[in-house]
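There are 2 protein chains.
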Amino acid sequence: MDVKLFLEKERRLVDRALSARLPQKGDCPETLRRAMAYAVMSGGKRIRPILARAACVAVGGKAAWADAPACAVEMIHAYSLVHDDLPCMDDDALRRGKPTCHVKFGEANALLAGDALLTLAFGVLSEWKKNESAKSLAIGWLAEAAGMNGMVGGQVLDLAGTTRSANLAGLRSVHSRKTGALIAASARLGALAGGGSRSQIARLFEYGKNLGFLFQIVDDILDGDGCVKILGIEAAKKLASKTASRAKRQLHSLGNRAGHLSRLTDYVLNRSS
Amino acid sequence: MDVKLFLEKERRLVDRALSARLPQKGDCPETLRRAMAYAVMSGGKRIRPILARAACVAVGGKAAWADAPACAVEMIHAYSLVHDDLPCMDDDALRRGKPTCHVKFGEANALLAGDALLTLAFGVLSEWKKNESAKSLAIGWLAEAAGMNGMVGGQVLDLAGTTRSANLAGLRSVHSRKTGALIAASARLGALAGGGSRSQIARLFEYGKNLGFLFQIVDDILDGDGCVKILGIEAAKKLASKTASRAKRQLHSLGNRAGHLSRLTDYVLNRSS
Numbered sequence: 001m002d003v004k005l006f007l008e009k010e011r012r013l014v015d016r017a018l019s020a021r022l023p024q025k026g027d028c029p030e031t032l033r034r035a036m037a038y039a040v041m042s043g044g045k046r047i048r049p050i051l052a053r054a055a056c057v058a059v060g061g062k063a064a065w066a067d068a069p070a071c072a073v074e075m076i077h078a079y080s081l082v083h084d085d086l087p088c089m090d091d092d093a094l095r096r097g098k099p100t101c102h103v104k105f106g107e108a109n110a111l112l113a114g115d116a117l118l119t120l121a122f123g124v125l126s127e128w129k130k131n132e133s134a135k136s137l138a139i140g141w142l143a144e145a146a147g148m149n150g151m152v153g154g155q156v157l158d159l160a161g162t163t164r165s166a167n168l169a170g171l172r173s174v175h176s177r178k179t180g181a182l183i184a185a186s187a188r189l190g191a192l193a194g195g196g197s198r199s200q201i202a203r204l205f206e207y208g209k210n211l212g213f214l215f216q217i218v219d220d221i222l223d224g225d226g227c228v229k230i231l232g233i234e235a236a237k238k239l240a241s242k243t244a245s246r247a248k249r250q251l252h253s254l255g256n257r258a259g260h261l262s263r264l265t266d267y268v269l270n271r272s273s
Numbered sequence: 001m002d003v004k005l006f007l008e009k010e011r012r013l014v015d016r017a018l019s020a021r022l023p024q025k026g027d028c029p030e031t032l033r034r035a036m037a038y039a040v041m042s043g044g045k046r047i048r049p050i051l052a053r054a055a056c057v058a059v060g061g062k063a064a065w066a067d068a069p070a071c072a073v074e075m076i077h078a079y080s081l082v083h084d085d086l087p088c089m090d091d092d093a094l095r096r097g098k099p100t101c102h103v104k105f106g107e108a109n110a111l112l113a114g115d116a117l118l119t120l121a122f123g124v125l126s127e128w129k130k131n132e133s134a135k136s137l138a139i140g141w142l143a144e145a146a147g148m149n150g151m152v153g154g155q156v157l158d159l160a161g162t163t164r165s166a167n168l169a170g171l172r173s174v175h176s177r178k179t180g181a182l183i184a185a186s187a188r189l190g191a192l193a194g195g196g197s198r199s200q201i202a203r204l205f206e207y208g209k210n211l212g213f214l215f216q217i218v219d220d221i222l223d224g225d226g227c228v229k230i231l232g233i234e235a236a237k238k239l240a241s242k243t244a245s246r247a248k249r250q251l252h253s254l255g256n257r258a259g260h261l262s263r264l265t266d267y268v269l270n271r272s273s
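Chains as they are written, first to last, in the working numbering: chain A, 1 to 273; chain B, 1 to 273.
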């Protein structure tokens with residue numbers, strides 16, 4: 001299947017799964033419900049949940065088995081954007097061409113909508129129809145990826161200016177936390193959802209780490225920032241294609257079932273926005 | 001044992017359990033570690049974790065069995081205070097006589113420390129040495145109490161001015177979410193930790209709801225606010241003692257083991273700060 005068609009179809013399925021797990025009218029105060037929906041249902045690329053679903057398929061599961069962790073990860077991603085956009089952080093008024101959550105609902109409501117989404121992510125996992133021991137692994141992995149030594153830790157380092165270090169290892173250590181950890185967790189959780197063996201889960205986690213790094217290098221290439229400033233554009237492009245190969249190497253033993261992941265890797269490598 | 005001595009001893013044990021579960025040096029970026037510790041280890045009353053431990057004892061467990069959920073609940077409470085104090089919310093510069101977290105570490109770091117504490121609360125529960133099905137119940141209950149129709153939902157209603165309604169039912173519906181839900185969850189989680197039966201857990205949950213309401217009435221009596229404005233001081237005092245009796249009624253069938261909870265109820269009823 002053409003990768004664009006595949007991604008469009010996946011996005012629709014992910015959006016449906018997210019809508020079903022967000023609060024419905026009457027489940028909570030209406031302003032909060034609207035702010036949470038606004039933050040989540042505003043047209044992201046859905047890379048993380050699609051990755052979770054594809055990793056689930058790669059170990060022999062059905063994509064929908066991964067819907068609970070896929071939605072949990074996307075809610076974490078969405079909350080992090082809402083908090084990132086706040087005046088005390090990046091102070092952004094627009095995201096994807098639309099007013100940011102705090103511009104639309106006020107700062108306090110945006111802050112609280114972010115808090116509610118982060119909380120709901122764990123609530124969604126606790127309600128996952130899955131054996132209890134996998135559930136509690138998943139919750140631990142998500143907390144690890146999203147928390148103090150994962151995404152939030154990366155944001156703190158980024159704030160402190162560690163990203164402006166002129167050294168690739170320093171840059172990578174920030175990005176592996178700030179964006180990489182949640183992308184890697186998506187693959188890991190998807191493989192768990194699909195009933196993968198320990199070694200398959202470990203391999204897909206490694207795949208996810210490489211994909212997360214690839215994502216960042218390509219961002220830097222598109223923005224002329226970060227590793228492009230350190231390495232120059234040509235070396236950055238080489239690093240991107242080397243990282244894509246490294247990611248794909250983890251897929252070999254999984255055979256055809258990993259086809260979606262392979263296409264997703266190419267998409268991330270070749271994306272132009 | 002005298003209730004003050006009991007509470008002091010409990011506070012020391014809770015503080016030790018919290019310290020052990022907060023990040024240690026090297027576990028995450030140092031600024032974040034310090035901001036998280038500052039938010040949690042700054043001398044609160046520890047009502048919620050003490051309540052969880054006492055509910056655990058009330059169903060025949062050892063208090064320490066409840067340490068993981070007790071710490072998780074206290075981390076949620078601490079994060080909510082950090083976010084509440086931010087300029088876009090209550091804009092408070094002092095808490096318990098000390099500079100608030102954002103005054104000390106900057107707004108962005110305080111925001112992120114709150115996010116990290118909320119995430120860590122679920123991480124702590126995922127690592128709880130407890131059977132998996134109790135763990136996943138606990139995680140669901142905590143998410144419910146802390147999230148969109150619990151604490152965060154109550155904050156949104158409070159922001160929208162619903163608290164200023166001149167009607168006791170309206171006021172109670174905000175407070176049952178904003179402060180009541182997490183207090184009630186503490187008792188519920190403690191009873192679960194102690195291996196209580198379904199009906200014991202339900203009874204202690206009901207106890208916790210009454211204790212949460214009592215806590216709020218006494219706050220209002222001390223501040224001359226909320227239900228005192230609606231009912232007048234005398235009726236508010238009567239409501240407090242009636243609510244304390246209602247709470248204690250849930251304890252009858254538990255016998256002497258519920259002694260700590262009974263003393264805790266009296267403490268909340270008679271506290272003067």
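Hints in this document: simulated from the structure, not taken from any laboratory.
Treat the hints loosely; a few may be bogus.
Since the list can't tell identical chains apart, any single copy or any two copies may satisfy a pair.
Straight-line alpha carbon distances no greater than 35 angstroms define the calculated DSBU-like cross-link-like pairs of lysine-lysine that follow [to be verified]: (1) Lys-229 to Lys-25; (2) Lys-62 to Lys-229; (3) Lys-104 to Lys-237; (4) Lys-238 to Lys-45; (5) Lys-62 to Lys-129; (6) Lys-248 to Lys-9; (7) Lys-129 to Lys-238; (8) Lys-130 to Lys-238.
Source: prediction; values computed, not measured.
Violated hints, by number in ascending order, as checked against the structure: Hint check: 2, 3, 7 and 8 fail, others pass.
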